[in-house]
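Mind docking chain C on chain Y? Use the hints.
Top to bottom, those sequences are chains Y and C.
End of the first sequence = 488 in the working numbering, gap-free, step of one.
End of the second sequence = 453 in the working numbering, gap-free, step of one.
Simulated from the structure, these hints should not be mistaken for laboratory data.
Please note: incorrect hints may appear among the correct ones.
DMTMM-like, lysine to aspartate or glutamate: derived pairs with alpha carbons at most 25 Å apart [claimed, not checked]:
hint : chain 1 : residue 1 : chain 2 : residue 2
1    : C       : 381       : Y       : 135
2    : Y       : 345       : Y       : 381
3    : C       : 32        : C       : 413
4    : Y       : 345       : Y       : 378
5    : C       : 144       : C       : 75
6    : C       : 144       : Y       : 344
7    : C       : 381       : Y       : 125
8    : Y       : 405       : C       : 138
9    : C       : 238       : C       : 226
10   : C       : 246       : C       : 75
11   : Y       : 345       : Y       : 297
12   : Y       : 345       : C       : 356
13   : Y       : 345       : C       : 197
14   : Y       : 345       : C       : 91
15   : C       : 381       : Y       : 165
16   : C       : 381       : Y       : 158
17   : C       : 144       : Y       : 341
18   : Y       : 345       : C       : 97
19   : Y       : 106       : Y       : 226
20   : Y       : 345       : C       : 148
21   : C       : 268       : C       : 356
22   : C       : 381       : Y       : 132
23   : Y       : 345       : C       : 155
24   : Y       : 106       : Y       : 209
25   : Y       : 345       : Y       : 401
26   : Y       : 405       : C       : 104
27   : C       : 32        : Y       : 135
28   : C       : 32        : C       : 412
29   : C       : 32        : Y       : 158
30   : C       : 32        : C       : 197
31   : C       : 268       : Y       : 196
32   : C       : 268       : Y       : 135
33   : Y       : 405       : Y       : 316
34   : Y       : 405       : C       : 130
35   : Y       : 405       : C       : 97
The primary structure of each chain is shown beneath.
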Amino acid sequence: MTGKAQRNVKAQRNVKALCNVKALCNVKAQRNVKAPRNVKALRNVIGGFVLLLSLLAGPFSAGAVEVERVVSPGGIEAWLVEDHTNPIVALEIAFRGGSSLDPIGKEGLANFAAGTIDEGAGELDSRGFQQELNDLAITLRFSAGTDNFNGTLRTLTENRARAFELLRLALSEPRFDEEPVARIRAQIVASIRAGEEDPDVISSRTLREALFGEHPYARRREGTPETLDTIAPADLRRFATERFARDNLIVGVVGDVTPEELSDLLDSTFAGLPERAAPIQVAEAPLENDGTTILVDMVIPQSVVVFGQRGIMRADPDYYAAYMMNHILGGGSFSSRLYQEVREKRGLAYSVYSFLNPMEHAALVQGRVATQNGRVAESLDLIRAEWRRMAEEGPTHEELEHARKFLTGSFPLRLSSSAAIAGMLVGIQLHDLGIDYLDRRNDLIDMITLEDVRRVARRLLDPEGLTVVVVGTPDGIEGVVREVTPGG
Amino acid sequence: MVRPQRRAPSWRPFLLFVFLLFLTSGGPAVAKVFDPEVFTLDNGLQVVVVTNRRAPIVTHMVWYKVGAADEAPGESGLAHFLEHLMFKGTETLGPGEFSRIVAENGGRENAFTSWDYTGYFQSVASDRLEIVMEHEADRMTGLKLTDEIVLPEREVVREERRSRVGNDPGSQLFEMMNATLYLNHPYRVPVIGWDHEISALNTESALAFYRRWYAPNNAILIVTGDVDAAEVRRLAEKHYGPIAAKPVPARARPTEPPQHAARRVILKSPRVNQPNVSIRYLAPSYRTSNEGEVYALQVLEEILGGGSSSRLYRSLVVEQGLAAAAGAGYDADRYDQSVFSFFGSPRPGHEVDEVETALRAEIERVLNEGVEAEEVAAAKKRMMAGAIYARDPLGAAPRIIGGALAAGRSIDELEAWPERIDAVSVEQVNAAARAVLRDERSVTGLLLPEPTT
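The shape of chain C in the complex, shown without the other chains:
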């Protein structure tokens, strides 16, 4: 449904489109989200193209299906460290030279790492696509590293960790909660790594990880913007096509054992003035879930935590007046088991305990009384609108598509999202809540002030 023209021939198709989109009972198929074209090169590189001609620009992204949760024990932070080192040159380009070429072509670039994927992107004028593609393909296999450039970059990453975690008690608590929620799965280890393990990473470990995981058959190429699939295919075959496929290890990650005890993690710091509480439950992801459960959980999240009319905000912040903030969160796009979370922070004059009690009361209410049909209908309507809004920012499509594919989903699944959300019933939401919101699979975290004497 993404239309290539800057101006549509008339407004009628859009009204029709919106009408279809808001049909909530069976009927005609609900609209797709991004309407991408998909193909695979002979070497296994999966290619996704979303045409969007609003501006004469393209975003070119390569996602590798490897992330921090694929690191060996003791090498935490390696996936992210390698991401930094990918800017340090290849057999054909010196350190930083790719970045210089991108900038000289008026491009912007960056990279990102999560537990499940590592991604690289450039945004450039559409007539410069081939330039960035050529060099991104080059560094898929041609990375060249020496201690001279690797070691200072390791210090950069340690500074990054100090910025993100060392300076922030809230992030420290988050790390501790995560390491407690997951007993066995590597999601318990922070993406950026533990500092003592980052300090031991080196050129050899980075190159070994690179050789093991970076291959066309373990990557997804996503090109969005002012370009069509035929052109992308021609360029991709020219630049990525010659790279040979190679065996890539299976993502064999330790799995969680049954969990039997609710846990509680408390961080007290003189640096905390504004306390907060969060409760995190193990929850399924798309790949691990029963049919439909993840969609029901997304509707549940919207009902509980979606904005200022949500149950949590209305109850804790508005009606009871206990909290300054309250909400819920759920991310279904993980390769392995994900998290359904709640958070709240007290209003001045109230205690964090009161907020925790009130959060638990809302959780109990969902478990005992369930949600209302009107709540489900309203949540679905907002989520459908969200699918339309997602087509507007140029950066949204590649990010959402890449995240989904790297988490093991298919384009068809992604495109069916509105239909799947539309099909969620009250009973499914209630069943999903009861299956997931179980004390013995949860961690509660408290960020508290510690008075100095």
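Next up, chain Y with everything else stripped away, as it sits in the complex:
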């Protein structure tokens, strides 16, 4: 493919899950995924697509979908896009609070819980639960992010009631039997070990640790073999009780269900959850743009380079200006400055990009490039030069208008599947953007002026303050040398 490679860890994981040759990038996904590892095409096609970040920052055109707020008699709220085209229902949920709440010494708890709550619940043991999901062709998956805990359900209409019941069981009556707990722990440890081979995993982790220091955002989402060993079924049970509640639940539904039917399902599925989750206590992360460069020695032909510094929070009034700025700098696939300078003009890299990463308690502007060891220094010089040029001059009028046309025109492309739309409904609620957000979205982009983008570029981009991590054996790079800390 000619486009950029996968743009964030989540996309990467999905791509790798399709590639069974790679060990265990995502153990849970792998067992459900077929093996088109040699269909390069499929990997590539998947590689280019959307992530939630850009999803939320992109504009939405009015009228493409109708979002309805459904509130059940029991007080559970969901946003629904009714669509009876196919006999399919897709549901996405999020509970506020993710792996950054993992207790010290029990890092990896949220991720471990995500892997085990669907391994037996209520009267069903692991085998029975998974058998029923498979027999009814229901997809039910959970995952723990840094700030949120997410769930996905996909079912044919005819199995809808049972699918929602299985979701209820997983959330309310997970069993955490000995066999599945031991098995999932072993799978996560295997996945951690596989990550130690992977320059992408190591570079991202090292950057996080460098930027966040003692803050929970520096911790490993999957934990370590040692911390996983300390997590017992009682810990997982406490997690489920404390984290799955009505007051931190967000629901998005798309597909073959009416508001009335959904209302009943919401009550039967979620009304039994505790009213309140345990409080979320995560400090704001202090971030210094201290300009550190860190080298992690790995004998590979191509260095993987990631870099980052303080970014902009999602609720900041200048967020959309920053989003447009990033699109021009390194976000817009074939047209960005980084892509043009590093890839098109000089052939230094297959993949180079930047992105905004706003989290709940910190925000980053980040980027990545991968290039042969002999040309890391040249690539980094170019990236810093573009960082500086954007900070000092901002974009041109033409660049801004080009970005505006793309960002306002491309929204409907994100309505690419029921699950994608359901995910958007959850994201919009998580960020409190309002149910009319889809209609207002283009206006927010249209309002941004050249001066807005210049101001935010000056404020954010600090080429000397970038924290840089290089994994590989680059020539001519000075920096702090780190060993790979073994994970398994």
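Below, chain C alone, put in the same frame as chain Y:
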């Protein structure tokens, strides 16, 4: 069965539809998959339209029936390199200008290459379809290349190879296994090419390949989304219609000789912490198979490796507790002989040898005892549901249809997939397993750690 309305008039047709779909014994015909409209222009361009009006967008794709396995010896990577160069301008548009036009129209685009095909696509708002079609048609014959833009792009491709293969011992093992599984057929050569051969590709070789293979009579146009066939026909005749057909070489690829020896490929690297094992068998594709065999193999794959209730996962991962992962894979959509594969990776505390032994025991069990009727029925039911789910993501239909047609199948065959799966018997699954899972047509690959001293 894909319905154009965003909202169906009532729920009844869907219940009926699902009911029909799950009928497993003869009876009324099983539902189709995508229900496309198909026609061919006078110049031989095959056109497929799948209407899906959920969102006001279309995906426009052109697939060329040429891929890496059609390259001449010594020119590995050429099909993929040309794919990159197709973004570098034509007689009428400068380098990158098509991409700029797509972006300005709020579109997304990309391209992909496999052994059997090369494809290009844009997704845009449905009222912009003609804009992308005009320029895609333009680059079917109008590509213009100079060394100045070709040579840096060759370095981009070499970086792509470093990313995908050079940095990843698992991918290196995969390349070695593939080159060992196929003794003679060009599937033994990686799609991206060997680095020393990529380094020698140039403007002339790219243009020669382009002129030889890119023609309307060697292409498939697939348009899906918020559009109807009449509109696509009008636009396609206007933009692709004037392009003249021309002779295109037959896809004459060397074929595999009989194979007589099981092979074993081992890659040890200090970079491997989590070892794995895979076993790959030569297997038929739709185009090369006996009647029904490929469908039986798909059912076999589902029984052995389809998810957490599959035989392999349940046995190796759950019951024996030896493996962290285990599964099976099979891709019937290849132009020539394909692969049926198994993989497994040990749990910490277990050895990869134990996983290999357990995988082979499961393979033996299938060969000796066969599969159960209930397993076949359950697998078919899941696969039928998969055919319904495949209609949901907008990107799935063009990808599946394009892959099938480029592999030499027909739309009718593709649409008959549920019926063909439904007709698979226990005996067919067992016979297919015995025909395909033969040691002397296999390669076993081991990815192992190498302790540093």
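Outcome of the hint check:
1. 381(C) - 135(Y): holds, 8 Å
2. 345(Y) - 381(Y): Satisfied, since the Cα-Cα distance of roughly 15 Å is no more than 25 Å.
3. 32(C) - 413(C): The hint holds at about 10 Å.
4. 345(Y) - 378(Y): Within the cut-off at roughly 13 Å; holds.
5. 144(C) - 75(C): holds, 20 Å
6. 144(C) - 344(Y): Distance of about 17 Å is within 25 Å: holds.
7. 381(C) - 125(Y): holds, 23 Å
8. 405(Y) - 138(C): Given that 25 Å is the threshold and the Cα spacing comes to 23 Å, the pair holds.
9. 238(C) - 226(C): Cα-Cα ~20 Å, so holds.
10. 246(C) - 75(C): holds, 23 Å
11. 345(Y) - 297(Y): Violated, at about 29 Å.
12. 345(Y) - 356(C): violated, 48 Å
13. 345(Y) - 197(C): Roughly 22 Å separates the two Cα atoms, so the pair holds.
14. 345(Y) - 91(C): holds, 21 Å
15. 381(C) - 165(Y): Judged against 25 Å, a Cα distance of about 21 Å means the pair holds.
16. 381(C) - 158(Y): holds, 13 Å
17. 144(C) - 341(Y): holds, 22 Å
18. 345(Y) - 97(C): Given that 25 Å is the threshold and the Cα spacing comes to 15 Å, the pair holds.
19. 106(Y) - 226(Y): Measuring from Cα to Cα gives roughly 9 Å; hence the hint holds.
20. 345(Y) - 148(C): holds, 10 Å
21. 268(C) - 356(C): holds, 16 Å
22. 381(C) - 132(Y): It holds: about 13 Å lies between the C-alpha atoms, which stays within 25 Å.
23. 345(Y) - 155(C): holds, 11 Å
24. 106(Y) - 209(Y): holds, 17 Å
25. 345(Y) - 401(Y): holds, 23 Å
26. 405(Y) - 104(C): With Cα atoms ~5 Å apart, residue 405(Y) and residue 104(C) stay inside 25 Å; holds.
27. 32(C) - 135(Y): holds, 22 Å
28. 32(C) - 412(C): Roughly 9 Å between the alpha carbons, so the hint for residue 32(C) and residue 412(C) holds.
29. 32(C) - 158(Y): holds, 19 Å
30. 32(C) - 197(C): violated, 44 Å
31. 268(C) - 196(Y): holds, 16 Å
32. 268(C) - 135(Y): violated, 40 Å
33. 405(Y) - 316(Y): holds, 23 Å
34. 405(Y) - 130(C): holds, 18 Å
35. 405(Y) - 97(C): Holds: residue 405(Y) and residue 97(C) sit about 15 Å apart, inside 25 Å.
In summary, the structure is inconsistent with hints 11, 12, 30 and 32 from the numbered list given earlier, while agreeing with the others.
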